[in-house]
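**Q** Spelled out from the first residue to the last, the chains are:
Number of protein chains: 2
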Amino acid sequence: MTTTPARPARPANAATTAAEPAPVHPAHTRVEVGPLGVPVTRVALTNGEVVDRYCTHGPAADPAEGLPPRRSGWIEGRGDVETYPGRAPDLADDGRGARRRGATREEWRGARRPPLRGRGAAVTQMAYARRGVVTEEMRFVAEREGCDVELVRSEIAAGRAIIPVNVNHPESEPMIIGRRFLVKVNANIGNSAVTSSIAEEVNKLRHAVTWGADTVMDLSTGDDIHTTREWILRNSPVPIGTVPIYQALEKVDGRAEELTWEIYRDTVIEQCEQGVDYMTVHAGVLLRYVPLTAERVTGIVSRGGSILAGWCLAHHEENFLYTHFDELCEIFARYDVAFSLGDGLRPGSVADANDEAQLSELRTLAELTERAWAHDVQVMVEGPGHVPLDLVEENVRLQQDWCHGAPFYTLGPLVTDVAPGYDHITSAIGAATIAMHGTAMLCYVTPKEHLGLPDADDVKTGVITYKLAAHAADVAKGHPGARAWDDALSTARFEFRWRDQFALSLDPVTAESFHDETLPAESAKTAHFCSMCGPKFCSMRISQDVRDRFGAATGAEIGADAGADEVERGMRAKSVEFLELGASVYLEP
Amino acid sequence: MTTTPARPARPANAATTAAEPAPVHPAHTRVEVGPLGVPVTRVALTNGEVVDRYCTHGPAADPAEGLPPRRSGWIEGRGDVETYPGRAPDLADDGRGARRRGATREEWRGARRPPLRGRGAAVTQMAYARRGVVTEEMRFVAEREGCDVELVRSEIAAGRAIIPVNVNHPESEPMIIGRRFLVKVNANIGNSAVTSSIAEEVNKLRHAVTWGADTVMDLSTGDDIHTTREWILRNSPVPIGTVPIYQALEKVDGRAEELTWEIYRDTVIEQCEQGVDYMTVHAGVLLRYVPLTAERVTGIVSRGGSILAGWCLAHHEENFLYTHFDELCEIFARYDVAFSLGDGLRPGSVADANDEAQLSELRTLAELTERAWAHDVQVMVEGPGHVPLDLVEENVRLQQDWCHGAPFYTLGPLVTDVAPGYDHITSAIGAATIAMHGTAMLCYVTPKEHLGLPDADDVKTGVITYKLAAHAADVAKGHPGARAWDDALSTARFEFRWRDQFALSLDPVTAESFHDETLPAESAKTAHFCSMCGPKFCSMRISQDVRDRFGAATGAEIGADAGADEVERGMRAKSVEFLELGASVYLEP
Numbered sequence: 001m002t003t004t005p006a007r008p009a010r011p012a013n014a015a016t017t018a019a020e021p022a023p024v025h026p027a028h029t030r031v032e033v034g035p036l037g038v039p040v041t042r043v044a045l046t047n048g049e050v051v052d053r054y055c056t057h058g059p060a061a062d063p064a065e066g067l068p069p070r071r072s073g074w075i076e077g078r079g080d081v082e083t084y085p086g087r088a089p090d091l092a093d094d095g096r097g098a099r100r101r102g103a104t105r106e107e108w109r110g111a112r113r114p115p116l117r118g119r120g121a122a123v124t125q126m127a128y129a130r131r132g133v134v135t136e137e138m139r140f141v142a143e144r145e146g147c148d149v150e151l152v153r154s155e156i157a158a159g160r161a162i163i164p165v166n167v168n169h170p171e172s173e174p175m176i177i178g179r180r181f182l183v184k185v186n187a188n189i190g191n192s193a194v195t196s197s198i199a200e201e202v203n204k205l206r207h208a209v210t211w212g213a214d215t216v217m218d219l220s221t222g223d224d225i226h227t228t229r230e231w232i233l234r235n236s237p238v239p240i241g242t243v244p245i246y247q248a249l250e251k252v253d254g255r256a257e258e259l260t261w262e263i264y265r266d267t268v269i270e271q272c273e274q275g276v277d278y279m280t281v282h283a284g285v286l287l288r289y290v291p292l293t294a295e296r297v298t299g300i301v302s303r304g305g306s307i308l309a310g311w312c313l314a315h316h317e318e319n320f321l322y323t324h325f326d327e328l329c330e331i332f333a334r335y336d337v338a339f340s341l342g343d344g345l346r347p348g349s350v351a352d353a354n355d356e357a358q359l360s361e362l363r364t365l366a367e368l369t370e371r372a373w374a375h376d377v378q379v380m381v382e383g384p385g386h387v388p389l390d391l392v393e394e395n396v397r398l399q400q401d402w403c404h405g406a407p408f409y410t411l412g413p414l415v416t417d418v419a420p421g422y423d424h425i426t427s428a429i430g431a432a433t434i435a436m437h438g439t440a441m442l443c444y445v446t447p448k449e450h451l452g453l454p455d456a457d458d459v460k461t462g463v464i465t466y467k468l469a470a471h472a473a474d475v476a477k478g479h480p481g482a483r484a485w486d487d488a489l490s491t492a493r494f495e496f497r498w499r500d501q502f503a504l505s506l507d508p509v510t511a512e513s514f515h516d517e518t519l520p521a522e523s524a525k526t527a528h529f530c531s532m533c534g535p536k537f538c539s540m541r542i543s544q545d546v547r548d549r550f551g552a553a554t555g556a557e558i559g560a561d562a563g564a565d566e567v568e569r570g571m572r573a574k575s576v577e578f579l580e581l582g583a584s585v586y587l588e589p
Numbered sequence: 001m002t003t004t005p006a007r008p009a010r011p012a013n014a015a016t017t018a019a020e021p022a023p024v025h026p027a028h029t030r031v032e033v034g035p036l037g038v039p040v041t042r043v044a045l046t047n048g049e050v051v052d053r054y055c056t057h058g059p060a061a062d063p064a065e066g067l068p069p070r071r072s073g074w075i076e077g078r079g080d081v082e083t084y085p086g087r088a089p090d091l092a093d094d095g096r097g098a099r100r101r102g103a104t105r106e107e108w109r110g111a112r113r114p115p116l117r118g119r120g121a122a123v124t125q126m127a128y129a130r131r132g133v134v135t136e137e138m139r140f141v142a143e144r145e146g147c148d149v150e151l152v153r154s155e156i157a158a159g160r161a162i163i164p165v166n167v168n169h170p171e172s173e174p175m176i177i178g179r180r181f182l183v184k185v186n187a188n189i190g191n192s193a194v195t196s197s198i199a200e201e202v203n204k205l206r207h208a209v210t211w212g213a214d215t216v217m218d219l220s221t222g223d224d225i226h227t228t229r230e231w232i233l234r235n236s237p238v239p240i241g242t243v244p245i246y247q248a249l250e251k252v253d254g255r256a257e258e259l260t261w262e263i264y265r266d267t268v269i270e271q272c273e274q275g276v277d278y279m280t281v282h283a284g285v286l287l288r289y290v291p292l293t294a295e296r297v298t299g300i301v302s303r304g305g306s307i308l309a310g311w312c313l314a315h316h317e318e319n320f321l322y323t324h325f326d327e328l329c330e331i332f333a334r335y336d337v338a339f340s341l342g343d344g345l346r347p348g349s350v351a352d353a354n355d356e357a358q359l360s361e362l363r364t365l366a367e368l369t370e371r372a373w374a375h376d377v378q379v380m381v382e383g384p385g386h387v388p389l390d391l392v393e394e395n396v397r398l399q400q401d402w403c404h405g406a407p408f409y410t411l412g413p414l415v416t417d418v419a420p421g422y423d424h425i426t427s428a429i430g431a432a433t434i435a436m437h438g439t440a441m442l443c444y445v446t447p448k449e450h451l452g453l454p455d456a457d458d459v460k461t462g463v464i465t466y467k468l469a470a471h472a473a474d475v476a477k478g479h480p481g482a483r484a485w486d487d488a489l490s491t492a493r494f495e496f497r498w499r500d501q502f503a504l505s506l507d508p509v510t511a512e513s514f515h516d517e518t519l520p521a522e523s524a525k526t527a528h529f530c531s532m533c534g535p536k537f538c539s540m541r542i543s544q545d546v547r548d549r550f551g552a553a554t555g556a557e558i559g560a561d562a563g564a565d566e567v568e569r570g571m572r573a574k575s576v577e578f579l580e581l582g583a584s585v586y587l588e589p
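So the sequence lines, in the order shown, correspond to chains A and B.
When the count follows my numbering, it moves up by one through the first sequence with no breaks and lands on 589 for the last residue.
When the count follows my numbering, it moves up by one through the second sequence with no breaks and lands on 589 for the last residue.
Hints were generated in silico from the structure; no laboratory data involved.
No incorrect hints appear here.
The list treats identical chains as interchangeable, and a pair is accepted whether it falls inside one copy or across any two copies.
Calculated cross-link-like contacts (lysine to any residue; reagent style SDA-like; alpha-carbon spacing at most 20 Å): (1) K477 with E393; (2) K477 with G405; (3) K251 with G97; (4) K477 with D390; (5) K477 with N354; (6) K477 with A351; (7) K477 with D355; (8) K251 with A314; (9) K251 with D90; (10) K251 with W261; (11) K477 with G146; (12) K477 with L151.
Only chain A is shown next, with the shape it has when bound in the complex (with noise of 0.2 Å):
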């Protein structure tokens, strides 16, 4: 976050300045800065200064004709990659519905661009970093993140930090995950079998990026998921990862046993030339790992964990996805899609926290790593779940151990199992500590969670608390730059602008329509007063009082240090000054 001066917008006729995306608040602007144009959220405040933010919403857009394709330029400039036809469309890619119907619901009728692919080396970033280029993609992520380019090649190049970005997603504004830069958050959205909208999914994903979200992933398991995930990427401002295994099973009926390595690869292909930029694979779920969930209070949990556990149970074979694993590599690296190493075997509760189960998984996922980096493939790896507080820090400890420092990203951890509807809570408690202790990216939580699908307002509460744990984060990391936006938004309180402390509050409407509904008037929000201690009184008012009365005065000047005599005249001529000034430490009501 900067504050004055304000480093200057891009030039107005810069395309995607034209039409902005109505604002959070008054006070808010979506500008794009400097050569890259990296967007960032300007907010004006009353006494004349600006406050600039990271922005993740994007320009403003039809959803049907969906975002400009900013990248484009800088993917084809660097000349590794080639267009060819891509893969024949099926029907069956969008699920039983389509194929009973014929077609698919609300087909994506806006731009088409041909695949591309590498046409040789590697073209991830990492690919890249580790040869000593540096990308527009490292440049846009340095401007955004307020940091040294050579911070984000280097830890690019040492697999402590990914930019998700396949070469067919050229609407993304880059970002990095790392725990050397901000802590990042993940919305997850999608549909599932029991409920469904195109519409519906495009909105929440509006929701997510308006609200703070840095990633979004697209977890449908209902009709129509390859339109769905169309609509989404060709909407969305930032990275989308998908969990591939859940459309592959659509695929074979929902009958995880008739799953094969071929028709997953022809999936993962899919989505790579859609534009996918990152992929859960649970590759770490091994056959032999299978039992020891077998006494576990909540077994597996996770989706796509137990997909992979019952189709090793099926066939009583090793995981493909383990075996078929550098052959995913070679995939990947041709589109520049990061792996998200999912932990299939995540404890599902307290109990079944840091058990053998989870460990063993991670030391897969560890070595599964080194594997996808051998390919300059970027890598995060996943992390639970549920677990107790005391046992977060281990998690993490190990996981930056064991993984090399690849990205640690998690699922909260939630701390207790005991408030399903409060889920975003019990998890924000967790998240704010792991990621603390070194998580990269933190996977929201909604109020929803354990009970049913989030909607749209649930995506955003789930945005904004994760988006309140990360920032804590941010700050008592000692992150540069982090505690400035608490301390502007303190100040303003301080000095009763209670406009700027709302244009500064993560939620503007919120804050707002909570103020609202004691004080309603207009000239409260100006008012040195609040509703907590009336007009008569106001605790605030009296520290301001001290601070004109002493600035940087020493206690020594009240007497402190002196002698008694001293003391008892210095006291005297205090009380006297005081009063004479009026008393007025107290406003008058």
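We have chain A already, so just place chain B on it with the hints.
**A** Chain B alone, transformed into the frame defined by chain A:
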């Protein structure tokens, strides 16, 4: 928490079991167990088991009549208290409105008992504990906590725990605050000059104790302070705390410089006679500490701290609460009122955390703790406020060290300033962490913090949020039996006992309503699937299958440690067995 076998319920003819308040869930019943009638919330599960949970909401009663004085016999049975006429009522006790009208509004018309006070030696639980006397109150809390009564007695004698039980609040059900016991939650209620209604405050009390508040503070600063408090005390099954300086300030029309020890003392006695169980006293705001706040981002944010700072500045004399502290101890000792030593200089922004002003005051609170203990008066010490997550632990470490283990009672702390409207969450993160490290009681924060006064819904949200934070800390501390609740709920989840999952939830109403948004059908509550995976595929179902197949099997059974040939033979055999058994890892739709 106890699971089956259930403890025997008290005989049904016990007066207090006659009319129970409407339970929050049909499977819940308030039951009083054992000879002392310790209340539990008995949760009847569909599998025939029962789970007994800590119960705070008290017996049902007509608010106009108040609760039965269940402790009267215990108090009188000790033979060390006397009744006396008490302080003469004064219209000024109810503020300017009452004086203007010549009457208070909604006067308390239920039973009035003449006040009690100790006849000689201190009648505090600490005095008894130090003399080796085990009171009914100690037995009651030991049964409530499921611990040995000697632990209760010895912790109270050492000052490491308190039972706040004014002899004039016989309606209360004793509870204990100390780090060796369950982490407790306080809920603040109370009117202000801007908003007010006695009925609303009684309703907030009801909400607070229904959802699990262990104590309630009445922080009223508006009209009818005395009468509002009377209604609250007569209806409260939990200890009631106050900040007497708020009422004293009203008696001098909000002019802090006109406060005197005499006015304050009279207010304290008024509240002692009513039955207030603990009082926040900002005796650590010393004159010489006030200038230390001048350079802060947010100065002094505690209302009580500001009042005293204002008084000190106006008079340039030492805080009268500090200079008269021993007299205050003598009063508290006669009623068994506990000190809550207020942190008037707590940080109001993360920038001000753990600064010299805060820590100087804490050193003085440590001194005052020992002075109170010299009078056998029970003490807890208040803590911040706003603290970055990495500095949270230091707060409780220093407090426990300097204050010789006196219970710590913290407000949050909030771990970031940027999320007004969500400060129940920013603070729950700090609260769970500080409680894990030894804080004994957490003062809740509601979504309205910094923005307005909480209504009944906010009270519920605040209490639920803090109950989950407190429970997370109990689990993290390995508190005996704490995790049994999580395990019971998670087991219900794993076994698809949806109704039991709701019944065991901290908030069954919200959990069930969220579930019903997606799957409202009655049949879905017993279905072996949920809206996240749909009827065809369910990860929980697969896990059950793993358990059915493997039981306590080891990895060796499926070849983990076997030779290559043996493995292959084993695999083939297992595969055949699996398919012969119907390959039924998936539920049929």
